[in-house]
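Protein sequences appear in the order of chains A and B.
Be aware that the first sequence starts at 42, since it is given in our numbering, and climbs by one per residue.
Be aware that the second sequence starts at 42, since it is given in our numbering, and climbs by one per residue.
Hints listed in this document are in silico derivations from the structure and should not be mistaken for laboratory results.
Possibly wrong hints are sitting among the right ones.
Which copy is meant is left open, so a pair is good if it fits within one copy or across any two.
Computed list of lysine-lysine pairs in DSS-like fashion (alpha-carbon distance at most 27 Å, straight line) [unchecked claim]:
#1 Lys431 <-> Lys353
#2 Lys868 <-> Lys843
#3 Lys723 <-> Lys224
#4 Lys703 <-> Lys431
#5 Lys843 <-> Lys224
In this text the structure is predicted, and so the values were computed from the model without any measurement.
These are the residues of each chain, in order.
2 protein chains.
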Amino acid sequence: MKFVYAFSEGSKEQKFLLGGKGANLGEMTKLGLPVPPGFTVSTDACKAYMASGDVIPEGLMDEVAQSLSALEAAMGKRLGDADDPLLVSVRSGAAFSMPGMMDTVLNLGMNDASVVGLAKQTGNERFAYDSYRRFVQMFGKIVLDVSASSFEEALHDLMEERKVAVDTALTSEDLKGLVTTFKAIVQSEAGVDFPDTPQEQLSYAIEAVFKSWNGRRAKDYRKMEGIADDLGTAVNVQTMVFGNKGDDSGTGVAFTRNPSSGESVPYGDFLVNAQGEDVVAGIRMTEPLSAMGNEFPECHVELISVMSQLEKHYRDMCDIEFTIEQGRLFILQTRVGKRTAAAALRMAVEMQAEGMIDKSEAVLRVQPAQLDQLLHPQFDPTAEYDSIAKGLNASPGAAVGKVYFTADEAEAAFEAGERVILVRPETSPDDLHGMIAAEGILTSRGGLVSHAAVVARGMGKPAICGADELNIDLGRRCFSVDRVQADGTTLTTTVLEGEIISINGSTGEVVVGEVAVVEPEPGEHFGIVLGWADEFRTLKVRTNADLPEDCEKALEFGAEGVGLCRTEHMFLGDRLPIVQAMILADTPEAEEAALAALLVQQRIDFEGILKAMDGLPVTVRLLDPPLHEFLPNHDELQARRTAAFIRGSVDPEAEHLWAAVKRWEESNPMLGIRGCRLGILKPALYRLQVRALIEAAVTRKRAGGDPQVEIMVPLTVIRTEMELIDGWICAEAEAVFAEQGERVEYLVGTMVETPRAAITAGEIAETAEFFSFGTNDLTQMTFGFSRDDVEGRMMPIYLEQKILNVSPFEQLDRSGVGELIRWAKEKGRAVRPDIKLGICGEHGGDPTSVHFCHEIGLDYVSASPYRVPLARLAAAHAALGAGGPGTTA
Amino acid sequence: MKFVYAFSEGSKEQKFLLGGKGANLGEMTKLGLPVPPGFTVSTDACKAYMASGDVIPEGLMDEVAQSLSALEAAMGKRLGDADDPLLVSVRSGAAFSMPGMMDTVLNLGMNDASVVGLAKQTGNERFAYDSYRRFVQMFGKIVLDVSASSFEEALHDLMEERKVAVDTALTSEDLKGLVTTFKAIVQSEAGVDFPDTPQEQLSYAIEAVFKSWNGRRAKDYRKMEGIADDLGTAVNVQTMVFGNKGDDSGTGVAFTRNPSSGESVPYGDFLVNAQGEDVVAGIRMTEPLSAMGNEFPECHVELISVMSQLEKHYRDMCDIEFTIEQGRLFILQTRVGKRTAAAALRMAVEMQAEGMIDKSEAVLRVQPAQLDQLLHPQFDPTAEYDSIAKGLNASPGAAVGKVYFTADEAEAAFEAGERVILVRPETSPDDLHGMIAAEGILTSRGGLVSHAAVVARGMGKPAICGADELNIDLGRRCFSVDRVQADGTTLTTTVLEGEIISINGSTGEVVVGEVAVVEPEPGEHFGIVLGWADEFRTLKVRTNADLPEDCEKALEFGAEGVGLCRTEHMFLGDRLPIVQAMILADTPEAEEAALAALLVQQRIDFEGILKAMDGLPVTVRLLDPPLHEFLPNHDELQARRTAAFIRGSVDPEAEHLWAAVKRWEESNPMLGIRGCRLGILKPALYRLQVRALIEAAVTRKRAGGDPQVEIMVPLTVIRTEMELIDGWICAEAEAVFAEQGERVEYLVGTMVETPRAAITAGEIAETAEFFSFGTNDLTQMTFGFSRDDVEGRMMPIYLEQKILNVSPFEQLDRSGVGELIRWAKEKGRAVRPDIKLGICGEHGGDPTSVHFCHEIGLDYVSASPYRVPLARLAAAHAALGAGGPGTTA
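Looking at chain A on its own, in the form it has when it is part of the complex (with noise of 0.2 Å):
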C-alpha cells in the first residue's frame, strides 16, 4: 500500500485518501497555481496507525523520506543545512472539514544548524531565532504535549528582565536564550531531549496529527457534525514560506464571494508581515483585501486572476488561503467556502444566472437545514451574551421577553402589551393559550418532540425543552440555575416572575436579560430557489395545521394541502367546559347535549379551512388523544380537595371532577384508550365529527368552493376497527348528503402508527384509501420508547455512548421504523394501487427522513408550516440523489 503522495499527484476528487486540504492542493499544483510544493501522507496510514493500536505503519517513514530528498531536490534546499535550509510545515486534513479540532506544526527543520542558515538566507537573525524559539514552542505543546503557560511564563520572565513590553523588543540574543530555556522546559516537562534533527521531528510531528484525531475535542466535533470515526486524517507537509519577513510579505484569506451576503465581489482580510495564525487569531486588526491593490498591486491583480481561475474551475465560490513572501504570492490552501443561508441563496441563483451551475446544482447548494435560519429571527450574530443553561433546541429561532410560568399570566401580560417567554417544568394543551401568547418557550423536561416542541413548532415559535438545569418553582414563581465556577464554587441565578430573558431555539441557549434580535427576511432569492426545487421533487409537502390561519401560513410556504388536521386543538379553549360536559356527562341525553353543542362550532372550524385549502386536500383526524387530557391536572386537583380538607370542608366539584379524573386515568396512556379506541367507545363523537365536517364540506361546495376532504381514523391497529369506523363515517355522510340534497367527494383512511397497522397494512387497505404514517407514535412503540420518558433521560446517553447516532424522533430509523413503513407501502400497494401515502409525523420536515419518504416512493410529506420549505428543499435534493440516507444506529 502506497502511502505518501506528491502534491501533484492529487486531486480534488481525492478527499477521502488525501483529506480536503491534500486534495486540493493537489488540484491547485495541477492548475499550475503557485503552491509551495510538498507532499501528503495518506488517510490510510492513519487508519493502519490506527488499526495497530497507535503504531508507525512499516514502510511509511521510508516514503515519506523519500518524498522528502525529492521535495529537497525540486527546491534545492534541504532540511537542516545550516546554508539554505529547508523548512516545512505539517498540517492535518480530513476529508471533512474539521477547522480548529487538529494540530499543526509550523517551521518544522529548525535546529541549531538551520537557523544558522535561516539568518543566512534572510539577512535577519532575529527573524531565525524568533522562528526558532516559535517552533520549540509549537512543538512542545503539540507534538509534546508540554504545557502552553512554561512557555509564556519564561518568554515573560525574559521580557520583564529585558524591562520591554512587546515581545519584538527582543534581540537576536535573547531570542537565542530563550531557545535554551524553552529546550530546558521540555526536557523537564516531557522527560526527553527535544529531537534535533527534522526526520526526528517529522516523524513526531506525524504520529501527533495521528493522535489528534482521536483528541476529546476532534471526538466531539465529530459527533456534532455526524462525522464517521474511522475515516482517519492525512498529513500535508509543505514547503514553509513566511508572510513575516518583513513589509514586503504578508498573509490573508479570501472568498471569491462574499460568503454573508452572497455578493459577487471578491471578500476578505489580508495582514503585512504576518504569518497565517494572526489573521484567524485576530490579535492584530486586518485589512480589507481591496486594501491589498495599493500595497502589493502586482500579488493582488495575480490573487484576482487565481480566485476567479479556482471560482471556475470549482464552479463554486471558493476560500482561500495566501502568503505574500518577500513579494511572491503562495497559494497555502483552498476549500469550497462555507456561507450563511442568504448567501447560499443568493450564490445559487446568480451562479445560475452566469451559466456555471444549471437549475439542479443551484438547487442542490442550498442545505435544507440551512432555510431555518431565513425564516425566524435570530440573535444578532454581533451581540455579545453569557448564557446560564442550554436546552434542546426544540424549535427554531430566538425571542426575547418577561418570563411567566403559566399559560394564564402569560396571556394576561399579553393582553397588557408585554411580551412574554413561557416558562413551565413542561406544557400540555391546557397551556395553548400560554404559548400562543408567548414569543417563545421554555420547559424544564421534555424532548424533541414533547408538546411543547410539537406544538411551538407548528406555530413557528422559539421553543426550547428540557433545560434540566433549570429549577423552576412555580410556588414562589421563579426559576433558578446552580452553576460550578472555575474556583469550585456554586454560583446560583434566579429568575423571578416579570424578568426579561431571550431564548435561543436554534441552539438551546437560555440568558438573562435581552439579546439583540435580527428579524429573518428570506428574500427573493428563498423564492426563486424554492420555485426550482418545485420543478424538481417528485414528493408533495402537505402541512400539518390546525387553524385556518396555520393554513394560510403554510400556503404562503408553498405547501400542497394539509396532511394532518388534528381535531383536538378545537377541543379546547372556550370549548373545553363542553367537552368536560360530554366526559361527565352521566345519560345518553346529556352526552348528546354536550355534543351538539360541539357540532356547531367543529363545523365553523372545518370550514375556515376548507375555504383557505380550496382545491386543495385537506385530512382531517378524527378526535385522537386519551380524554383526561381533557381533564383538570391530577395533582392540582389532588391539592383543591386537600385543601378543602384540611378547611374540614368537601369542594363538590373537584371531587367531581376528581371522579371523572380517576376513572380515565392509565398507567401508559400512550397505549390506552385513544384513537380510534375512544371512537369505539363513544361512537356518537365520531360520527359528531363526520358530520361537522361533512357539512362543512357541503356548506363550501354551495358556494362555489372545492373541498377536498380526507378523513383519517387515528391509531388503527385491527382491519375490523377500520371497517367499523369506515361504515359510522360513510353512513353519517349519505345522512347529511340526503339532509342537503347535496354530495361530496371524500375519502377515508388511516393513520398508520402502530407496528401491527403496518404488519398488517395489506388487510386495512382493503377498507383504507389512504395511508398516513404517524412516525412519533410508530417510533415510540418500534422503539418501545416513550417520548416523554426516554428522550430527556436515555437519549443523552444513548448518544454519548453511541449506542446511536441520533435520535429516532429527529430522523427516520430506517432499519426498524423504516422497514415497517417499506412493508406497510408495499403491502398497500399490492391490495389497492392507488393508496395514496404520506407520513405525518415530525419526520416530515427532517431532510434525511423526507430523503428516505422520497426514496421508498410516498406520495407526499407533511410538515409543520415553517418546515414546508425544507421539506420541499429535501425533496428536490432527494430527487435529484442528493442528501443521501443517515442511519439512526
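Starting from the structure of chain A, add chain B where the hints point.
Quick look at chain B alone, frame taken from chain A:
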C-alpha cells in the same frame, strides 16, 4: 344444489354438510342399526336461507316434499293420515354440538285427523290427545313464539277445574278440550291459525330451526366456544318413535364407557314409559342402565351390542340416545361422547392397551386445556352456590379463605394459621408476600396479564382479576357488591375483613361463604399420556420460574429447563430496603455498598436454581422493571406527606422517598426506563447480577454440578445495546473465571419484546446467541395496547363487537405479532443458524399459541410450572398436526 339427503345417503364425515347429528344418523343407518328413518335438510339450505335475508331457498320445499313421500312410502304410513299416521320429529343439528341452544319439535304431523289415527293405532285415545296437546304447546312455543306460561296457565286452570293434582289424571275429553284451548291461545297470541296440514307444519318448523341458529342463546354459545357464525345448522326430520306408549316402552341415554371416570363399563340412565325429554329434564328419577336388563332383557342385549359396535366403529366412547317402543329398540342419535379430563386420560390409555387406537391418537384424545382441571382444586361439582360477582378467570382452581385487604394482614393471618383470600384493587410487586400467604387472589382491576394474574399463574394459585362489580373500600376494610334484583331494587352485599369467601379462578365466580372444594388428582394415566406426548413433540417445554421451589414443581411437571428466571422477584421482601438504598444512593460509594449486599443474596438465589435445574438450561433475565416499582406507592407517600403537613411538621424519610419517586416517575412506564435501558443507566447493577450468576455457576461446577447458564438481556431495541452489554457480561465473567481459576460455559442472548428488536433481529443475532420472544410486551407494543389500560376497558367491547375474536394477550396474534416473530426467526437464523429460539410470554401456556411456535419452528416454549403439562400436550398435538391455528382478528 341438493338440499335434502336421506339418512341412507349420509356418513359421519359429512358433519359440515349434514350437521353432527345428521351425519351420525347416516352412519348408523349404513351400519344397519335400528334408526328410525328420516332425512336431513343440509346446512347449505340454512346458509342459503341466511344469505338471502331469511327466505326459504327455492326448491327446498319441493325436495322436502319428495323426501317425505319417500319416507311415507318406506314406512307405509302418511303424515296426517286418519288411520295410520306418520309422525316426525324436527331437530336442529350443527357441525359442532351446541346442546340445548337450538330448537326441536316433536310429534309433528298431529292434527284433527291424525290424532284419530294415532288413537286407533295405539288403542289409546288419551295418549293420542295428550300427544296432540303437547305438540300444539311445543309448536306454539318454539315455532310461533307463544309464551310458555299461557299454555301452562290454561293447563293449570283445567286441572283446578277438574280438581286433579297431576296432568295424567286428565281424561281424553279434557285433553281434547285443551287442544282447542291451546289453538285459541295460538290464534290470539301469534295472530295466525294453528297450521293444520303437516306440510305447513314442516315448513314452519324447518324455518324455525334455521332462525334458531341466530337466536341469542346460540350466538352467545358460539362466541364462548369459538364456533364460526357462518356454518349454519342442518335440520333432521325423523320418524317419531314413542317411549311413552306404556310399560313396554321406555327411553334412555347411554355412554359406552363411564364419561366421568373413564371406566370401561357401559353407563347410562333409563326411564320406563317416558319420552327423551323426561330423562334429560330430570323430573323423574331415572334407573341405571344395568337395571334395564331386568325389564327389557332383549332390548338390553341388543343395546349393549349396538354400543359395542358403535364404539368399535367410532373407535371412541359414544354417547347414545335410544327409545324402546312397545318392546322394540330404536337408536335416535349417537356422537362421540364428552368426558371429564380424568376420563379422557383413562380412556386414552385403556383404548390404546385394547389396541383400539395407537399412542398418537391417544395423545390427541386429551385436550390440553382440560388438564387444568387435574392440576388445581375445583368447586365440588355437586355443591350448590350463588355467586355475587364474576371477574376474569385469571388463574385456574378454587380457593376458600378469609378476606384480607393488604399483603401484610394477609401474611399475618396466614402465620396465625388462617386460610386467606387476598382482595386488592390490583397487586404490585409490593404485595408478593401477601400473595404467597394467600390461598387465592381476587382483584377488582387488571386483566389476564395483570401482575396479579401472571404471578398467581406462576404460583399455581387461583385468581380472579378485574371483578369490577366489587367496590373495595380499603379504608373501611370491606368490599361490597350491588346487585339489581328481579323486582328492580338493588341488593348490596358487604363482605368485611375476616369473612369467608370462595373463589373459582377457573370460571371467575366469587361466592360469599364456603363452597366445598375437591382436590386435584392427576392420577397414573396423566403421566402415561404426557409421556406419550413427549415421544411425539419436537418443541421443548421450559418453565418460567424464579425460585428453586418453582423449579422443583416445574420439574415434576416435566419442564426441560427454565426459559425465564425473573431476577426482580429476588429484589423484593427483606431485600427491598437494600434495593431502595441503591436507588436512593447519592454517591457511587453508597451505591456500591448496596450492590455488594445484594451480590451475596443473588448468588445464593442462583445457586439454588442452578442446583434444582442441574444439567438443564436456565435463562436468567437481568433486571427488567422500572426502578420506581421498587419505591413506595405515589399516592400512599403523598398521603404521608399530607398527614405530616396537617400536623404542621415534615416527614423527612417520606420527603426523601418522595424525591426519588418523583425522579423516577414516568408518563408511560411500559415504554420508559426499564430493561437494558436500566442496565445502561446503572451498569454496576448488571455487572453485579452477572457476577452473582457466574460465581454461583462456578460454585455449582466445583460441587460436581452441571450448570447451564443463559444470560438474557431484556428489552433490547438496538444492536449496539446488545453489543455494549454483551461486552460487560463477558468482561465480568472473565474476571470471575480469573479470580476463581475455573471456567463455565454460558450463552448470552436477549429477550425480543419490542417490534424493532424483531425487525432488526438479523443485526442483533450477530451478538445474541439466543432469542426469547417476550410475547406479552411484544403484543403490547405491536398493538399499542397497554395491558393495564386496554384489557379491562376495551377488550370486552372488542370481543362483544367482534373487532377481535380473542384477546391477543390470551392467544398469540398470528397476523401481527406472529409475523414479527416469524420475521425475527428468519433473520436470526440467517445470521446464526444455531441460534436458540423460544418464547417466554404468557402465550407459552396457551395451546393455540404453542401450535404456532411449533409451526414456525421455534426450539421451545416456556410456561409457568402449572402450565407445563398443557404445553407438553399442546406441543405433541401440534407435532401430530392437530390443534390448528386460531385467529385473533
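Taking the hints in turn, this is what the structure says about them:
1. Lys431 <-> Lys353: For Lys431 and Lys353, neither the intra-copy (43 Å) nor the inter-copy (84 Å) Cα distance is at most 27 Å.
2. Lys868 <-> Lys843: Cα proximity of Lys868 and Lys843: across copies only (24 Å, versus 34 Å in one copy).
3. Lys723 <-> Lys224: Classified as neither: same-chain Cα gap 84 Å, cross-chain 48 Å, threshold 27 Å.
4. Lys703 <-> Lys431: between (37 Å within a copy, 23 Å between copies)
5. Lys843 <-> Lys224: Answer is neither: 41 Å inside a copy and 87 Å across each miss the 27 Å cutoff.
Consistency note: the structure conflicts with the earlier hints numbered 1, 3, 5.
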